[in-house]
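Asks: Dock chain B against the given chain A, drawing on the hints supplied.
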Amino acid sequence: MSNADCAMVAIRGLNKWYGDHHVLRGVDLDVAAGERVVVLGPSGSGKSTLIRCINGLEAYEEGELDIAGVGRLAGAKAVEQSRRLTGMVFQGFNLFPHLTILENCVLAPVQVAKRDPNVVREEAMALLAKVRISDQAHKYPAQLSGGQQQRAAIARALAMQPKVMLFDEPTSALDPEMVGEVLDVMTALAASGMTMVVVTHEMGFAREVADRVVFMDAGEIVEIAPPAAFFDAPRQTRARDFVRRVR
Amino acid sequence: MSPPRPRPRQPLAQRMIDALRRRPLDAAAALAVLIMAAWIAPGLMRWAIIDATWTGETKAACTEGGACWAIVTSRWRQVLAGFYPKDHLWRVAAAALVLLAGVAPLLRRRTSGLALATAPAAVLLAYGVMEGAGVLPRAPTDYWGGFFLNLFIGLGASIFALPLGIALALGRTSRLPVVKGLCVAFIEVIRGSPLIVLLFAAAVVAPLFTPAGMTLDKLTRAMIVIILFEAAYMAEAVRGGLAGVPAGQVEAARALGLDRWRTLVFVVLPQALRIATPALVNSFIGLFKDTTLIYVIGVLDITGVLRNAVTDFAWQGLETEAYVFVAAVFWVFCFGLSRWSASLERRLSIPGKSA
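Sequences listed follow chains A and B, in order. Number 216 in my numbering belongs to position 203 of the first sequence; there are no gaps in the numbering. Number 56 in my numbering belongs to position 55 of the second sequence; there are no gaps in the numbering.
Looking at chain A on its own, in the form it has when it is part of the complex (with noise of 0.2 Å):
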């Protein structure tokens, strides 16, 4: 089998501006089904958005990009199917104030897959018990603490049956005594087998959960290593830098 047909996630050439500011430069990236890739990288490298593109909320000006094979479909209809094959976490976690919990992860599976609601509410109270907040269905978001949102959402992302989930940060806006039991559940979530791709600053999660580690600066991968060998041995410099400030 080559590359190109078991990878999950499979970017090539990946270019774009925000005006006339050029964001990423030439990305390739390639995702196996079922591996982990941290993306790690200084704060403005382009790593929120290259996942941002991934699933479609920012546009790209050039490159081609494939989540399972449907971006050979063309526009749209792309751009639709890779949302609805990709999980997406948020750094604010964006769940909808104005339903509860459980309605958040129903809404979507029911109103965009057209699933049987009942069907549906069970296999999120089912999700829900995975990420331990099954008692607190029927709350509304601003009743929760921030980890506990934060799992909710991942809950919510998950209900979708995605094939990749995508997580932008999903620790960097959480009081320091919850990101431990938002990363528990993405470990959780990664030793079930799930696509998974983080960015994020929790450079013990990378080392503990990843696959491969994505350095990213300028908005260009400047080196993918397994993470022993790049926090142990980086070889361009700007990831010997990054590593040595992080440590």
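Keep in mind the hints are simulated off the structure, nothing from the lab. In this text, a Cβ means the ideal position worked out from N, Cα and C, and glycines have one as well. Where hints are given, some of them may not hold.
Label-pair ranges, simulated between beta-carbon atoms [stated by the list, open to error]:
1) A:Asp-188 to B:Pro-164: 57 to 65 Å
2) A:Met-216 to B:Pro-9: 44 to 52 Å
3) B:Ala-20 to A:Arg-260: 51 to 59 Å
4) B:Ala-122 to A:Arg-38: 52 to 60 Å
5) A:Arg-253 to B:Arg-6: 57 to 65 Å
6) B:Ala-168 to A:Lys-90: 51 to 59 Å
7) A:Glu-93 to B:Pro-164: 25 to 33 Å
8) B:Ala-20 to A:Gln-156: 30 to 38 Å
Replies: Only chain B this time, still in chain A's reference frame:
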């Protein structure tokens, strides 16, 4: 761990004295209000209630020196329902109930989409009951009037204006320049014109331009103008609500695969309308009072009926009573509305959210 202790409390009188001492300006204002009230209240009470005359056939009956409320009570039917046929007043009551019943479901914590359809249906049903057809003898809008007319126009126009206002607000935020331009132009033209001028245009100017054979009665024309007028104001209230929904909400919805339309219906509008509620109620209260301008098309609402009454020789010179009564009726309704709106805001608020 130290055990919790009840918060120490002073007696009420002591707390009040402390509060006034801490805020001398408040104390002065409170004193001023008390003095004003003591000065005005007795005279007002004597005029409006103690020395007032409540019934009578002409102003000659009013001999007590106080207010002559007989001008209102002697024609209570007109005050409530204009010149609607006497034997059919139940239809006015029924229509008012239908209107209120149609609005009620809109004001629940979770408005169902169904209520958005039943409310306009209720307005049309109320119209049908009043206008009459089939078993109900016809009573054309020329006979309508009194406070019912204020209610019918205020509620009816708002119900139709809300969806239009939402559409205009969305149009105003559209990426299509033509749609956006048209919506902005409409809103700004309407908001820049006094309602009385638009009503006059609907009554007098519009018939000159309508094709021969097509006639709309003047109340319907006025209704359309008021709906458009109110929609422009509601659009601005809704736009404020739309701006208050964080961008992350739309992103989360899109990331879950919701298309533009579902994002709007399930995520953006429920939050935007909740934010816009105080402004929407405010604009409704404004409109409700503006329904008194309907006299320019020659229909007699509650103000018109009483303005007519004071030109009657039997009641001449009782403008004060007439207008004080109208003011009191509107005050009671608008104050009630604003209290109710405050409770609505509480009920609409999302648990756990402070705002």
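Asks: Decide, hint by hint, whether the structure agrees.
Replies: Hint check:
1. A:Asp-188 to B:Pro-164: 57 to 65 Å: Violated: the Cβ-Cβ distance is about 43 Å, outside 57 to 65 Å.
2. A:Met-216 to B:Pro-9: 44 to 52 Å: At roughly 50 Å between Cβ atoms, B:Pro-9 and A:Met-216 fall inside 44 to 52 Å, so the hint holds.
3. B:Ala-20 to A:Arg-260: 51 to 59 Å: At roughly 58 Å between Cβ atoms, A:Arg-260 and B:Ala-20 fall inside 51 to 59 Å, so the hint holds.
4. B:Ala-122 to A:Arg-38: 52 to 60 Å: Holds, at about 59 Å.
5. A:Arg-253 to B:Arg-6: 57 to 65 Å: Holds, since A:Arg-253 and B:Arg-6 (Cβ atoms, about 58 Å apart) stay within the stated range.
6. B:Ala-168 to A:Lys-90: 51 to 59 Å: violated, 28 Å
7. A:Glu-93 to B:Pro-164: 25 to 33 Å: Given about 28 Å between the Cβ atoms, the range holds.
8. B:Ala-20 to A:Gln-156: 30 to 38 Å: holds, 34 Å
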